[in-house]
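Asker: Spelled out, the chains give:
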Amino acid sequence: MKSGSRLERVLEAGHFAFTGELGPPQGANVEAIRKKASHLKGITDAVNITDNQTAVVRMASWAAALVAIQEGLEPNYQMVCRDRNRIAMQSDILGASAHGIRNMLCLSGDHQQFGNHPSTKGVFDIDSIQLIHMVKGMRDDKKFLNGDEIDGSPQIFIGAAANPFAEPFEWRVHRLAKKISAGADFIQTQCIYDMKLFREWMKQANDMGLTEKVHILAGVTPLKSGGMARYMATNVSGIIIPQEIIDRVANAPKGKAAEEGIKICVEQIEELKEIKGVHGIHLMAIEWEHRVPEIAERAKLIPRPQV
Amino acid sequence: MIVAERKPIDEIKEMVKSFKRVLNVGCGGCTSICHSGGQKEVDLLNEELNKAFELDHIPLQIDSFTIERQCNADFYLLLDEKMQSYDAVLSMACGAGVQFLSDRIPEKPVFPALNTIFVGVDRDLGWFEENCRSCGECVLGKTGGICPVTRCAKSLFNGPCGGTAHEGKCEVSKDTPCAWYEIHKRLKQQNRLENILLITPAREWRNQTRGTLVQEAYKERYAK
Ligand code: SF4
Numbered sequence: 001m002k003s004g005s006r007l008e009r010v011l012e013a014g015h016f017a018f019t020g021e022l023g024p025p026q027g028a029n030v031e032a033i034r035k036k037a038s039h040l041k042g043i044t045d046a047v048n049i050t051d052n053q054t055a056v057v058r059m060a061s062w063a064a065a066l067v068a069i070q071e072g073l074e075p076n077y078q079m080v081c082r083d084r085n086r087i088a089m090q091s092d093i094l095g096a097s098a099h100g101i102r103n104m105l106c107l108s109g110d111h112q113q114f115g116n117h118p119s120t121k122g123v124f125d126i127d128s129i130q131l132i133h134m135v136k137g138m139r140d141d142k143k144f145l146n147g148d149e150i151d152g153s154p155q156i157f158i159g160a161a162a163n164p165f166a167e168p169f170e171w172r173v174h175r176l177a178k179k180i181s182a183g184a185d186f187i188q189t190q191c192i193y194d195m196k197l198f199r200e201w202m203k204q205a206n207d208m209g210l211t212e213k214v215h216i217l218a219g220v221t222p223l224k225s226g227g228m229a230r231y232m233a234t235n236v237s238g239i240i241i242p243q244e245i246i247d248r249v250a251n252a253p254k255g256k257a258a259e260e261g262i263k264i265c266v267e268q269i270e271e272l273k274e275i276k277g278v279h280g281i282h283l284m285a286i287e288w289e290h291r292v293p294e295i296a297e298r299a300k301l302i303p304r305p306q307v
Numbered sequence: 001m002i003v004a005e006r007k008p009i010d011e012i013k014e015m016v017k018s019f020k021r022v023l024n025v026g027c028g029g030c031t032s033i034c035h036s037g038g039q040k041e042v043d044l045l046n047e048e049l050n051k052a053f054e055l056d057h058i059p060l061q062i063d064s065f066t067i068e069r070q071c072n073a074d075f076y077l078l079l080d081e082k083m084q085s086y087d088a089v090l091s092m093a094c095g096a097g098v099q100f101l102s103d104r105i106p107e108k109p110v111f112p113a114l115n116t117i118f119v120g121v122d123r124d125l126g127w128f129e130e131n132c133r134s135c136g137e138c139v140l141g142k143t144g145g146i147c148p149v150t151r152c153a154k155s156l157f158n159g160p161c162g163g164t165a166h167e168g169k170c171e172v173s174k175d176t177p178c179a180w181y182e183i184h185k186r187l188k189q190q191n192r193l194e195n196i197l198l199i200t201p202a203r204e205w206r207n208q209t210r211g212t213l214v215q216e217a218y219k220e221r222y223a224k
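Quick mapping for you: the protein sequence lines, in order, are chains U and Z. Each residue of the first sequence is one higher than the last, beginning at 1 in the numbering used here. Each residue of the second sequence is one higher than the last, beginning at 1 in the numbering used here.
These aren't lab readings, by the way, just hints derived from the structure by calculation. Cβ coordinates follow ideal geometry from the N, Cα and C atoms, glycine included. Keep in mind that the hints are not guaranteed to be accurate.
Unchecked claim - Taking beta-carbon pairs under 7 Å as the criterion, some of the chain U residues facing chain Z (in silico):
no. : residue
1   : S108
2   : H111
3   : Q113
4   : G115
5   : S119
6   : V123
7   : Q130
8   : F169
9   : V173
10  : K178
11  : A182
12  : Q190
13  : S237
14  : G238
15  : P242
Said to hold, decoys possible - Over the 10 Å line for every Cβ pair with chain Z, so calculated as not near, a few chain U residues:
no. : residue
16  : I69
17  : S91
18  : K213
19  : K254
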């Protein structure tokens, strides 16, 4: 075992994993985290704690991850390259491990221009692939990035993101390969709506033998309304939503759009379960944590295995 | 070339308004080429300042003088003496030129009339684009002649990120091409994609402290 996290144990035992997401509050409101956590406890194997997502200031992801642990969740600590240099990153990784955080997701991060401090100086000292490599070096070689010995190496199950839906499409599988050779143990994908494109990407990954080396968790996000579907399709870079899916949500009878969104999500999960090389689902139900138990149940993702 | 743009007139006015005699010094180097600080721009700015001060009834004499380059002592022969009879100096050089000039006349205030913005190229007449961040470790040989430090909004070395939008635009703007999309395209065209298959390790940033350079041939000359 690399970290001994629940997520690692579930995946290594060959079970189909299920992870969720919890966005920390824009403030020190601990109750907000506890409330969200209550919907996810016992339902998911691990929960991603986002790191100032969309570059909006929120409670530190490591801090919210500690609250999640208190609430009985296993956190997947997200870290972006936008806000900290290699010194701060390594120090945070050690601190996280010391406090029992066992999973980490290494990301480049949304550009600061999108957030609520658009004129800040972005750091980007290292990129996400270099971050993955750094964490692996800290864990396995017990060395800091500069080669110095570590006094007590961090135990972290290393995650990375992959987006099969961003251009250049043909390069995306190679980028996945790079993340794996950098040291990624598991991958969580961007939300999938375009099954055809996703299947193609998975086929490439299977053909290149990548799915033997890494656990891929397919990302899904339930659409709450036609408006949300259209907004995401046009304004969020790297997301493709086929027109028929937008139409299904948009044309649902009044008051039934959310229900249709959940129905689509459950169908998607069923479909993803059957794809070779997909080892789990990562459900990003943004500000919709209370609907996660229902989705999990309808998609037969619960009960979770004992490991 | 170094590209600069003129500061807003009000900001320049604020800086010099309390002086009696001001010399506005142009630069015949980069800022002249990018149409922001050559003789022509010095004259234009002085005209504007004169008008503005006249309206405000502020008695201020502002003269002009342009030298070939403000970043080399060889061009200061006449200027050094000329500056003596002024209360303050306005410089239309890049930031490096302004500092070079300030060091030559430390007893008098020197003000920048420009904001230095980047190292770039001419896209078209009067249209410039940033292409280099002077990072001190050029990777262009590997990246198909397209700089990921400057042209990728996140300065990624193993891009592209997950945000590359439709038709290869950067996630920060529909008008900005994604550097990594372009790098991929060019390397593919040259059949050199293997260049970016391997992981580029974390780099040693060299531009975090002030740089100095003595060319090899001159090392002996400056040896202590
Ligand atoms: S979209 Fe391309 S240029 Fe923009 S940040 Fe991502 S990799 Fe860099």
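Asker: Would you mind marking each hint as holding or not holding in the structure?
Answerer: So, going through the hints one by one against the coordinates:
{"no.": "1", "hint": "S108", "result": "holds (5 Å)"}
{"no.": "2", "hint": "H111", "result": "holds (5 Å)"}
{"no.": "3", "hint": "Q113", "result": "holds (5 Å)"}
{"no.": "4", "hint": "G115", "result": "violated (12 Å)"}
{"no.": "5", "hint": "S119", "result": "violated (13 Å)"}
{"no.": "6", "hint": "V123", "result": "violated (9 Å)"}
{"no.": "7", "hint": "Q130", "result": "holds (4 Å)"}
{"no.": "8", "hint": "F169", "result": "violated (10 Å)"}
{"no.": "9", "hint": "V173", "result": "violated (11 Å)"}
{"no.": "10", "hint": "K178", "result": "holds (6 Å)"}
{"no.": "11", "hint": "A182", "result": "holds (6 Å)"}
{"no.": "12", "hint": "Q190", "result": "holds (6 Å)"}
{"no.": "13", "hint": "S237", "result": "holds (4 Å)"}
{"no.": "14", "hint": "G238", "result": "holds (5 Å)"}
{"no.": "15", "hint": "P242", "result": "violated (14 Å)"}
{"no.": "16", "hint": "I69", "result": "holds (28 Å)"}
{"no.": "17", "hint": "S91", "result": "holds (16 Å)"}
{"no.": "18", "hint": "K213", "result": "holds (15 Å)"}
{"no.": "19", "hint": "K254", "result": "holds (32 Å)"}
Checked against the numbered hints above, the structure breaks hints 4, 5, 6, 8, 9 and 15 and satisfies the rest.
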